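What follows is each chain in one-letter form.
There are 4 protein chains.
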Amino acid sequence: MAIEASKEEAGGTRIRYGMVGGGQGAFIGAVHRIAARIDDQFELVAGALSSDPARAKASAKELGIADDRAYGSFEEMAKAEAAREDGIEAVAIVTPNHMHAPAAKAFLEAGIHVICDKPITTTVAEAEELAALVEKTGKVFVLTHNYTGYPMIRQAREMVARGDLGTIRLVQAEYPQDWLTEPAERSGSKQAEWRTDPKRSGAGGSIGDIGTHAYNLAAFVSGLELDEVLAQLTTFVEGRQLDDDVQILTKWKGGAKGMLWASQVAVGNENGLKLRVYGTKGGLEWTQADPNYLWFTPFGQPKQLLTRGGAGALPVAGRVTRVPGGHPEGYLEGFATIYAEAARAIRAARVGRAPDADVVYPTVADGVAGMKFIDASVRSSRAGNVWTKV
Amino acid sequence: MAIEASKEEAGGTRIRYGMVGGGQGAFIGAVHRIAARIDDQFELVAGALSSDPARAKASAKELGIADDRAYGSFEEMAKAEAAREDGIEAVAIVTPNHMHAPAAKAFLEAGIHVICDKPITTTVAEAEELAALVEKTGKVFVLTHNYTGYPMIRQAREMVARGDLGTIRLVQAEYPQDWLTEPAERSGSKQAEWRTDPKRSGAGGSIGDIGTHAYNLAAFVSGLELDEVLAQLTTFVEGRQLDDDVQILTKWKGGAKGMLWASQVAVGNENGLKLRVYGTKGGLEWTQADPNYLWFTPFGQPKQLLTRGGAGALPVAGRVTRVPGGHPEGYLEGFATIYAEAARAIRAARVGRAPDADVVYPTVADGVAGMKFIDASVRSSRAGNVWTKV
Amino acid sequence: MAIEASKEEAGGTRIRYGMVGGGQGAFIGAVHRIAARIDDQFELVAGALSSDPARAKASAKELGIADDRAYGSFEEMAKAEAAREDGIEAVAIVTPNHMHAPAAKAFLEAGIHVICDKPITTTVAEAEELAALVEKTGKVFVLTHNYTGYPMIRQAREMVARGDLGTIRLVQAEYPQDWLTEPAERSGSKQAEWRTDPKRSGAGGSIGDIGTHAYNLAAFVSGLELDEVLAQLTTFVEGRQLDDDVQILTKWKGGAKGMLWASQVAVGNENGLKLRVYGTKGGLEWTQADPNYLWFTPFGQPKQLLTRGGAGALPVAGRVTRVPGGHPEGYLEGFATIYAEAARAIRAARVGRAPDADVVYPTVADGVAGMKFIDASVRSSRAGNVWTKV
Amino acid sequence: MAIEASKEEAGGTRIRYGMVGGGQGAFIGAVHRIAARIDDQFELVAGALSSDPARAKASAKELGIADDRAYGSFEEMAKAEAAREDGIEAVAIVTPNHMHAPAAKAFLEAGIHVICDKPITTTVAEAEELAALVEKTGKVFVLTHNYTGYPMIRQAREMVARGDLGTIRLVQAEYPQDWLTEPAERSGSKQAEWRTDPKRSGAGGSIGDIGTHAYNLAAFVSGLELDEVLAQLTTFVEGRQLDDDVQILTKWKGGAKGMLWASQVAVGNENGLKLRVYGTKGGLEWTQADPNYLWFTPFGQPKQLLTRGGAGALPVAGRVTRVPGGHPEGYLEGFATIYAEAARAIRAARVGRAPDADVVYPTVADGVAGMKFIDASVRSSRAGNVWTKV
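Protein sequences appear in the order of chains W, G, R and D.
In this text, residue positions in the first sequence follow full-length UniProt numbering: the first is 1, and each later residue adds one.
In this text, residue positions in the second sequence follow full-length UniProt numbering: the first is 1, and each later residue adds one.
In this text, residue positions in the third sequence follow full-length UniProt numbering: the first is 1, and each later residue adds one.
In this text, residue positions in the fourth sequence follow full-length UniProt numbering: the first is 1, and each later residue adds one.
Treat the hints with caution; some may be incorrect.
Given that identical chains are not distinguished, each listed pair holds provided it fits within a single copy or across any two copies.
[Stated by the list, open to error] Each computed SDA-like pair below joins lysine to any residue, with the alpha-carbon atoms no more than 25 Å apart:
id	residue 1	residue 2
1	K190	R319
2	K190	P302
3	K281	A192
4	K61	R14
5	K251	P102
6	K251	A80
7	K372	T280
8	K57	A132
9	K199	G384
10	K251	W179
11	K281	G239
12	K274	P298
13	K251	D290
14	K61	R347
Hints listed in this document are in silico derivations from the structure and should not be mistaken for laboratory results.
Source: prediction; values computed, not measured.
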């Protein structure tokens with residue numbers, strides 16, 4: 001129960017937050033709200049939950065948000081909340097991708113911390129602009145690359161960092177799904193509609209939706225910086241506007257190489273995110289669907305199955321663990337850890353301190369890196385699958 | 001997101017609840033609190049969190065409970081809360097086993113719904129007394145056999161009920177752990193201390209702590225009633241006062257047979273709860289550590305791996321599912337479902353209705369059955385491992 | 001390639017052997033023949049392949065056995081082969097169970113080594129008589145409890161023997177199948193017919209066919225001697241003459257306890273033989289369907305997945321391994337190892353020596369033990385499931 | 001026991017064969033010999049087992065080859081055996097790669113059928129020359145891409161062919177190993193020495209040794225023809241002369257795309273050959289280390305685990321299966337199936353017939369395709385990772 005919430009920590013009460021997007025019919029907003037509740041560090045008090053005003057109101061009512069804090073637009077919300085004494089300290093942005101940047105900008109400028117879904121924006125330029133604004137305002141900006149919240153991912157990162165794998169040679173990442181095997185965007189799936197629409201998703205389809213997750217995880221665990229990509233984006237489903245499969249060769253600074261595959265048409269895969277990292281001294285393998293396990297092989301020794309909460313779990317994993325080994329934690333707990341880390345950063349900011357050294361979350365810089373990854377991949381693919389600097 | 005909380009449901013706000021036990025250093029209390037928060041149906045406002053008054057106060061403060069609602073004893077709490085206009089509607093009892101009955105009694109008599117950890121009491125008589133009191137008061141009584149909250153367990157139960165397995169022949173249940181392989185109760189583990197102490201745990205050690213879970217799950221999924229047991233309780237660790245391993249043959253009404261094994265000294269097992277049910281037409285297998293999967297084999301056809309959120313998931317599983325297939329849910333979500341079901345029952349009670357037909361949770365009757373299972377097993381073992389009516 | 005055959009070993013050529021049973025339509029005979037060929041230590045030159053003379057002849061012809069060595073009965077074969085200068089040195093007996101004892105007796109008395117399928121006989125008395133005859137004749141007698149030939153089973157036995165598990169507390173064995181879920185013996189399955197016929201199988205159905213395998217494996221790996229059983233034999237399929245499911249509690253000399261389950265009606269199980277052994281210091285788990293893996297957990301340390309041919313494989317496993325790790329060996333290779341060990345024993349006997357100390361195979365004593373296990377279990381079950389000395 | 005050998009089939013006795021290479025200290029020769037024995041279709045009677053005459057003699061003696069048929073060179077052997085009335089009908093060539101072509105040529109010209117290890121030659125030109133010679137002589141030429149002999153691979157191929165997957169979109173193949181993580185070729189490993197020596201292995205290291213297996217399997221199962229590759233060959237271990245890792249993007253005729261990864265430095269992988277094929281209607285996944293399982297997901301339906309010998313196994317799998325489901329077959333049985341198929345082809349050739357339609361084995365054409373795959377990959381890599389026609 002390592003991170004059991006203490007509302008007294010840093011001298012205070014729960015962090016008041018609002019939400020942009022995430023109204024009725026949305027998916028990821030509810031995930032954010034559960035994640036925010038799990039460790040009891042946040043309280044939802046305001047929202048601009050939908051671009052449709054009626055749905056925004058109804059959604060707010062359902063979520064117990066007071067009428068006068070159910071806003072019709074994020075601009076209005078940023079302004080009004082900044083003016084209130086009991087205004088929100090943080091906002092969660094869970095809209096389609098194209099709204100991330102304008103909304104984040106509005107809240108940062110209003111002095112409100114931002115927790116933003118990924119990918120951070122739809123262009124590199126927007127992302128860089130946002131990074132500059134974060135720098136300027138000094139606000140906390142957390143990008144919810146939630147898979148970095150899994151305890152065994154924290155463990156993997158630490159094992160690489162402390163040298164258990166030696167020098168990294170290979171970084172193999174993949175994220176196959178199958179839900180877009182058929183043209184779901186033409187049979188009424190709201191999720192499929194905006195994710196295959198370049199106006200709302202940006203230039204990348206599967207690469208923006210799930211490829212970035214695979215890239216982010218690879219970078220997070222390996223501790224390496226991506227140097228070049230050689231990418232092939234494919235649209236298998238006729239009439240679809242964006243890629244539904246992407247195959248990438250990667251070169252990382254320092255000499256490691258890798259492959260990255262993301263697909264939405266690989267029948268039989270639900271959310272098959274998988275990472276394998278191999279170095280001169282050892283190898284690691286992790287699968288998102290079974291996140292409580294981490295395979296580790298020191299070269300020349302037996303394979304070990306490390307478990308969250310088990311004998312081989314390191315303190316970095318233990319700190320973000322809630323229940324004992326063998327009682328599985330899942331997607332929502334990993335997501336909650338991102339919120340718990342955000343809370344620590346925000347509480348530190350309350351008293352003008354930097355967060356403690358062990359606070360780890362994906363930042364605006366990770367967001368910029370993600371956009372560069374997408375951008376370089378799209379350019380590589382358009383240029384005929386050639387090596388492209390990130 | 002099927003059970004995303006609506007605080008407006010049944011015309012109201014969150015359910016105010018208190019907690020007995022679960023202060024600093026405890027384990028299961030924090031699990032209950034997270035479970036209560038996940039679907040946002042409950043608000044913790046009162047507590048008698050420890051039998052040690054200082055710890056009780058400090059724990060309450062940490063959890064944001066107002067000073068005047070941090071009680072020194074459950075008796076005081078039941079009385080005071082019953083007298084308040086804004087008093088608690090429900091209480092969660094998360095003490096060692098021997099306190100369950102007196103605490104539950106106090107709150108039921110005060111007109112407060114009860115959510116109680118398992119095993120329900122330390123004797124059959126106490127359990128039956130409690131059952132009579134629940135009957136008399138008409139209050140909601142929920143026993144947190146949390147494994148029944150897993151979506152694929154709901155699915156398994158439904159598949160058996162609708163006949164996918166034909167007539168049940170075999171019910172194989174097991175729950176191996178290894179944390180008591182050595183005498184942890186003598187090296188400062190608070191958890192180990194009370195669980196191996198007959199004064200606080202009752203007559204059963206491993207059988208009460210985890211054997212009841214295995215039994216409850218077997219009964220829940222198979223829909224069968226246990227008839228007779230032939231049990232062998234063993235204490236492998238010298239000096240331990242209660243069993244740390246139990247092996248049971250089971251006979252179920254209607255002719256099914258089975259084996260049940262629970263152990264706390266099976267090295268390499270964390271929480272290895274596993275259930276296998278075989279009938280004339282099919283077989284099911286489920287493992288708690290990987291709860292999003294359910295193996296189903298229709299006789300003479302290929303094995304199927306059903307996944308929570310996947311193509312074969314039935315509505316009963318979908319209703320208690322929060323995130324899509326391939327994004328694992330875990331122990332806390334299963335536990336949260338028990339709380340969500342409790343909330344539905346309590347909201348119905350608010351307006352004088354019975355809960356909807358699809359509300360499912362372990363009841364006081366299940367608690368009585370569990371105590372009878374323990375009692376019969378202990379008697380069988382003491383009598384030299386003979387068949388004993390439950 | 002550790003046991004690559006050398007026909008020059010012990011100064012000789014391949015061992016000439018004959019077969020009793022195993023003609024057209026049989027199953028296990030062909031398995032024995034492949035096993036005998038894999039390491040090239042044996043040559044099939046004679047046979048009494050069927051009790052049906054025409055089938056015996058035809059089968060012999062198919063297998064390249066010379067006409068004058070295709071016999072109509074095992075009695076004739078034993079006599080004739082003993083009289084030939086180039087007569088067989090060994091015989092493989094692969095008939096239904098009731099023929100094992102008379103055939104083995106005939107060949108032992110004719111001075112011919114015996115390799116016999118399990119269970120050794122249909123009664124304890126027969127088994128003991130056979131044991132006495134083996135003792136008297138000094139011939140090699142190998143019982144094909146083939147699962148003892150798997151490299152990782154050899155490894156498990158060695159790890160227990162050298163103390164990696166500490167003192168053994170628990171021995172959990174199971175062997176579920178599903179092929180007799182329906183009355184296959186009444187729809188033309190020859191295999192099902194004799195295995196459910198007490199005249200040909202003896203007093204045990206599933207217990208004799210697969211329960212003995214589970215028992216033998218448990219004893220082989222644990223190195224323990226079985227003391228008492230408490231058994232429940234069940235016939236689930238109406239009209240079947242023998243048990244199709246057996247559930248047993250076991251007590252082993254020295255204090256270990258265990259459960260043993262064998263079933264032929266557990267839908268979804270093909271040949272689910274599984275062994276788990278737990279001691280004061282560690283635990284082992286092995287599954288026959290995935291025989292190249294052995295799970296080992298030293299208490300308080302991470303779980304290890306030992307692989308045949310991998311870093312943790314001990315010399316006892318390596319000696320009976322043919323291909324590198326990651327290239328799976330299977331059922332036939334394990335069976336072949338029994339034959340390879342038999343060959344070493346027979347070659348030693350050729351020159352009047354005892355086999356080398358590292359030669360390991362199931363003996364007539366194991367056969368007697370197996371019959372006593374069946375007999376005690378049947379008696380326990382008939383007496384109402386009471387503890388019965390083995 | 002579907003392919004239990006009948007030496008009477010096609011009117012004859014075992015096929016007499018010889019072996020080139022495979023003497024003491026070699027690995028794959030012993031595998032071929034076991035494979036040849038398993039179904040009892042072959043008899044080893046001659047050999048040129050080593051380029052070292054003393055080792056050749058000693059190895060032959062060990063294997064029971066008559067002195068006068070233990071040759072010092074394959075040229076001598078081809079000539080002498082062709083001249084004998086009882087000369088070999090077939091030869092198995094199991095030398096390092098650079099000897100395949102000259103040896104195969106000698107035997108084909110001597111009228112002797114050839115079973116040859118992979119990769120077929122060291123250059124495309126040699127392979128094409130060999131193909132022309134096979135065409136001209138009409139002899140049987142079998143390339144031992146042994147993984148095509150696994151029953152569930154036969155099944156996968158059939159399922160694709162009959163349309164269970166719809167139109168193929170993605171072919172993902174990988175073959176990670178770790179045995180060359182360190183410079184084993186400089187610490188006395190004979191296997192490592194020749195496999196990293198371009199003079200004996202040709203231009204490809206890992207791509208020739210294991211990448212060809214992955215490619216061959218992908219082509220065999222998908223039924224597709226490879227069109228273009230974009231490859232990156234890497235040598236991670238300093239001083240090594242050939243690649244120890246290769247990452248390839250593939251385009252297949254008809255529009256399918258894929259990735260292929262082979263590595264000898266991926267720590268924790270023994271022989272991790274894995275194939276995944278996805279089409280418009282379904283997906284298949286297979287792993288060599290667990291070859292008795294085949295995962296199949298029809299889009300929108302539950303995942304199925306098909307097992308060799310189980311309910312979903314097709315006749316094409318059953319025909320090459322020896323033991324029942326749940327009794328695992330392994331690497332040697334898959335290899336044996338290649339030999340069993342070769343035997344059928346050779347027996348047909350004896351009587352001037354073409355093999356039956358269901359006989360399936362990798363041919364000289366597959367060998368040419370494999371060499372073109374290596375050649376195109378090497379060229380692509382040298383040209384800076386550009387698309388290259390195969």
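Hints and how they fare:
1. K190 <-> R319: So K190 and R319 pass the 25 Å test across copies only (20 Å; inside, 37 Å).
2. K190 <-> P302: between (47 Å within a copy, 24 Å between copies)
3. K281 <-> A192: For K281 and A192, the Cα distance is within 25 Å only across copies (19 Å; inside one copy 43 Å).
4. K61 <-> R14: both (21 Å within a copy, 13 Å between copies)
5. K251 <-> P102: neither (33 Å within a copy, 40 Å between copies)
6. K251 <-> A80: neither (47 Å within a copy, 55 Å between copies)
7. K372 <-> T280: Answer is neither; intra-copy 29 Å and inter-copy 32 Å both fail.
8. K57 <-> A132: neither (34 Å within a copy, 46 Å between copies)
9. K199 <-> G384: within (24 Å within a copy, 35 Å between copies)
10. K251 <-> W179: Intra 30 Å, inter 23 Å, cutoff 25 Å: inter-copy only.
11. K281 <-> G239: between (47 Å within a copy, 18 Å between copies)
12. K274 <-> P298: Both: 19 Å inside a chain and 22 Å across chains, each within 25 Å.
13. K251 <-> D290: neither (28 Å within a copy, 32 Å between copies)
14. K61 <-> R347: For K61 and R347, only the inter-copy Cα distance (18 Å) is at most 25 Å; the intra-copy one is 28 Å.
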